[in-house]
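Asker: As you go down the protein sequences, you meet chains A and B in turn.
Taking the working numbering, the leading residue of the first sequence gets 17, the next gets one more, and so forth.
Taking the working numbering, the leading residue of the second sequence gets 17, the next gets one more, and so forth.
Mixed in with the good hints, there may be bad ones.
Same chains, same names: a pair is fine if it fits in one copy or spans any two.
When the alpha-carbon atoms are kept at most 27 Å apart in a straight line, the in silico DSSO-like pairs for lysine-lysine are as follows [stated by the list, open to error]:
# : residue 1 : residue 2
1 : Lys218    : Lys183
2 : Lys187    : Lys218
3 : Lys183    : Lys158
4 : Lys187    : Lys281
5 : Lys187    : Lys158
6 : Lys183    : Lys281
7 : Lys281    : Lys218
8 : Lys281    : Lys225
Just so you know, these hints were derived from the structure itself, not from any lab.
Number of protein chains: 2
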Amino acid sequence: MTNLTQRIHIIGEALPNLPWQNKPEGYEFPVWRHSDNPVIKRNPVKGVARIFNSAVVPYEGRFVGVFRAETTNGRPHLHLGWSEDGLSWQIEEERINFVDEQGESFQPNYAYDPRVVRVEDTYYVIWCTDFYGAAIGFASTKDFQTFTRLENPFLPFNRNGVLFPRKINDKFLMLSRPSDSGHTPFGDVFVSESPDLVHWGKHRHVMAKGGQGWWQAVKIGGGPAPIETSEGWLMFYHGVTGTCNGLVYSMGAVILDRDEPSRVKYRASTFVLTPEEWYEERGFVANVVFPCATLHDAGTGRIAIYYGAADTYVGVAYTTVEEIVQYTIDHHEEIGDDSTIGKM
Amino acid sequence: MTNLTQRIHIIGEALPNLPWQNKPEGYEFPVWRHSDNPVIKRNPVKGVARIFNSAVVPYEGRFVGVFRAETTNGRPHLHLGWSEDGLSWQIEEERINFVDEQGESFQPNYAYDPRVVRVEDTYYVIWCTDFYGAAIGFASTKDFQTFTRLENPFLPFNRNGVLFPRKINDKFLMLSRPSDSGHTPFGDVFVSESPDLVHWGKHRHVMAKGGQGWWQAVKIGGGPAPIETSEGWLMFYHGVTGTCNGLVYSMGAVILDRDEPSRVKYRASTFVLTPEEWYEERGFVANVVFPCATLHDAGTGRIAIYYGAADTYVGVAYTTVEEIVQYTIDHHEEIGDDSTIGKM
Numbered sequence: 017m018t019n020l021t022q023r024i025h026i027i028g029e030a031l032p033n034l035p036w037q038n039k040p041e042g043y044e045f046p047v048w049r050h051s052d053n054p055v056i057k058r059n060p061v062k063g064v065a066r067i068f069n070s071a072v073v074p075y076e077g078r079f080v081g082v083f084r085a086e087t088t089n090g091r092p093h094l095h096l097g098w099s100e101d102g103l104s105w106q107i108e109e110e111r112i113n114f115v116d117e118q119g120e121s122f123q124p125n126y127a128y129d130p131r132v133v134r135v136e137d138t139y140y141v142i143w144c145t146d147f148y149g150a151a152i153g154f155a156s157t158k159d160f161q162t163f164t165r166l167e168n169p170f171l172p173f174n175r176n177g178v179l180f181p182r183k184i185n186d187k188f189l190m191l192s193r194p195s196d197s198g199h200t201p202f203g204d205v206f207v208s209e210s211p212d213l214v215h216w217g218k219h220r221h222v223m224a225k226g227g228q229g230w231w232q233a234v235k236i237g238g239g240p241a242p243i244e245t246s247e248g249w250l251m252f253y254h255g256v257t258g259t260c261n262g263l264v265y266s267m268g269a270v271i272l273d274r275d276e277p278s279r280v281k282y283r284a285s286t287f288v289l290t291p292e293e294w295y296e297e298r299g300f301v302a303n304v305v306f307p308c309a310t311l312h313d314a315g316t317g318r319i320a321i322y323y324g325a326a327d328t329y330v331g332v333a334y335t336t337v338e339e340i341v342q343y344t345i346d347h348h349e350e351i352g353d354d355s356t357i358g359k360m
Numbered sequence: 017m018t019n020l021t022q023r024i025h026i027i028g029e030a031l032p033n034l035p036w037q038n039k040p041e042g043y044e045f046p047v048w049r050h051s052d053n054p055v056i057k058r059n060p061v062k063g064v065a066r067i068f069n070s071a072v073v074p075y076e077g078r079f080v081g082v083f084r085a086e087t088t089n090g091r092p093h094l095h096l097g098w099s100e101d102g103l104s105w106q107i108e109e110e111r112i113n114f115v116d117e118q119g120e121s122f123q124p125n126y127a128y129d130p131r132v133v134r135v136e137d138t139y140y141v142i143w144c145t146d147f148y149g150a151a152i153g154f155a156s157t158k159d160f161q162t163f164t165r166l167e168n169p170f171l172p173f174n175r176n177g178v179l180f181p182r183k184i185n186d187k188f189l190m191l192s193r194p195s196d197s198g199h200t201p202f203g204d205v206f207v208s209e210s211p212d213l214v215h216w217g218k219h220r221h222v223m224a225k226g227g228q229g230w231w232q233a234v235k236i237g238g239g240p241a242p243i244e245t246s247e248g249w250l251m252f253y254h255g256v257t258g259t260c261n262g263l264v265y266s267m268g269a270v271i272l273d274r275d276e277p278s279r280v281k282y283r284a285s286t287f288v289l290t291p292e293e294w295y296e297e298r299g300f301v302a303n304v305v306f307p308c309a310t311l312h313d314a315g316t317g318r319i320a321i322y323y324g325a326a327d328t329y330v331g332v333a334y335t336t337v338e339e340i341v342q343y344t345i346d347h348h349e350e351i352g353d354d355s356t357i358g359k360m
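Here chain A stands alone, though its shape is the one from the complex (with noise of 0.2 Å):
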């Protein structure tokens, strides 16, 4: 085991608002849970049953969300909130009006698992989209108030998308989990790259499900968008293992490579928070975690990872990145084709 606690730090902007509470006493795991989760319960407005697997980036001195909503008639759309402490929020009645680059509205089908990415100065909106069946939609916003649809990245049937935060060798990069359109019960992900957004190609695969535990054993995908540190980009999953009543989400953690993304460094072995309170064992659907977005504080190394709970809470579960980045080194296990580089 490798000691590089004095070193890790992340590479990025100070945040020192985050929401933050310190590791409980005794407690021995390496991501912890805000006290008082969820942090958005059933009903959180009017005609939305649920709010889960959302997006929360820092705006302006105070913190905006987009948010998956479950509206009442049981399909998803996505909705604006606004927060200004990251723990309560004020959420949107109305759903985001997505336009087209001719300023017309374009809206999506349905719209879940959103991920929300700053690159330079403009916010990108990742979500599952229709397009024949399950796509990633993608679209840029730089005020929260127009929001235009960028062309689909790839082709059907895709989940999970997520945008780096910052162009790499000079080109976008974009993670996936190519799909199908149901309950896909297989998933890779794999990283894609583009000079214009609009283009992708150079796909390479980057981790697979599988390994020695059967905790990620059915499928993977990405999760909050990569944060830069010392080590590599850290990146929490989400990892699904199948039982005879359904499938069971639980969240990992991943260091890729700072300049080649498609080379796992390392990766835990273990998950690093998996179902056990009632908010994430009873829902909607049960025992799911799903982490979507982080914030976090380059001054402190903290990071709040925001995750959907039982595809109907959201909540937040905290660590540092020393903390997560040494435990990822500690317990890490190569899995299948993931040191695989360079190829197709």
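Starting from the known structure of chain A, arrange chain B on it as the hints suggest.
Answerer: Only chain B this time, still in chain A's reference frame:
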């Protein structure tokens, strides 16, 4: 019904030496079989049990084929073959040796259902390859001696990649059929564009399975490279129906808009060839006709279609541009979202 017979013609080069037989007296359908089918029979060369679903192009006064060769260990690879008349073939015993852009050997784990399309002075081979599951493989050659692999255009899972034989609006265009990694029980045809054959985007839906008839109810997929005609891009494709004893593959015909090929102009409601003969009904996979290539002569409007039969043989069938285009116009049916244009 429109009578366009007087002005329907192929836009392209003359190929007076293509294989040809006139339509049999009294035959009522728009596509007729070569009288001495199958033109490639079982065990065509040492180590190869069956050849089918293969591509043929004219090259330096004769014909060259890139053949799906099912080796005697049951795994498909691509073999070259040569012919003076397009009917009698010398198949090479060794598979094609693909190299990467540095010239190092880079063989696919398996390779099947090739198409070969010339764009300007380069021949592109497109096939189904193993990229952590079924995906579209891509290579180029100028001399049929060195085959250099290009970037896989799309993420898995996908099959039936078909390049257009010229750029449209200065972009390369490729049809494909997103799928799963097995015996996919669904599938529509999409088109994607590329400025550089590396990055692909602006994905559009082209054709849906379905329609009033049942012969293409399960899935469809592109066939030979589209033929440019005065009425639009003529494309033969495969349509699949399901039975209690498995799938049945027939051949359909469609005409796509010349400038915007995501738009279907005419699509025949009926198959234009369906398994009837012993070599189509019987074999490794019963009841398959699967077109992958055409030869066509702009001078006479003659078209020779190469199709796989029962995953065992290569068959040839004939039509003329006048006959098949008129048939497709006369039997037009709008299916599903075929007429959708422009939007994702």
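Asker: None of the hints should be skipped; say for each whether it holds.
Answerer: Evaluated hints:
no.: 1; hint: Lys218 - Lys183; verdict: both (15 Å within a copy, 21 Å between copies)
no.: 2; hint: Lys187 - Lys218; verdict: both (11 Å within a copy, 18 Å between copies)
no.: 3; hint: Lys183 - Lys158; verdict: within (18 Å within a copy, 35 Å between copies)
no.: 4; hint: Lys187 - Lys281; verdict: within (21 Å within a copy, 38 Å between copies)
no.: 5; hint: Lys187 - Lys158; verdict: within (20 Å within a copy, 30 Å between copies)
no.: 6; hint: Lys183 - Lys281; verdict: within (20 Å within a copy, 41 Å between copies)
no.: 7; hint: Lys281 - Lys218; verdict: within (20 Å within a copy, 33 Å between copies)
no.: 8; hint: Lys281 - Lys225; verdict: within (16 Å within a copy, 43 Å between copies)
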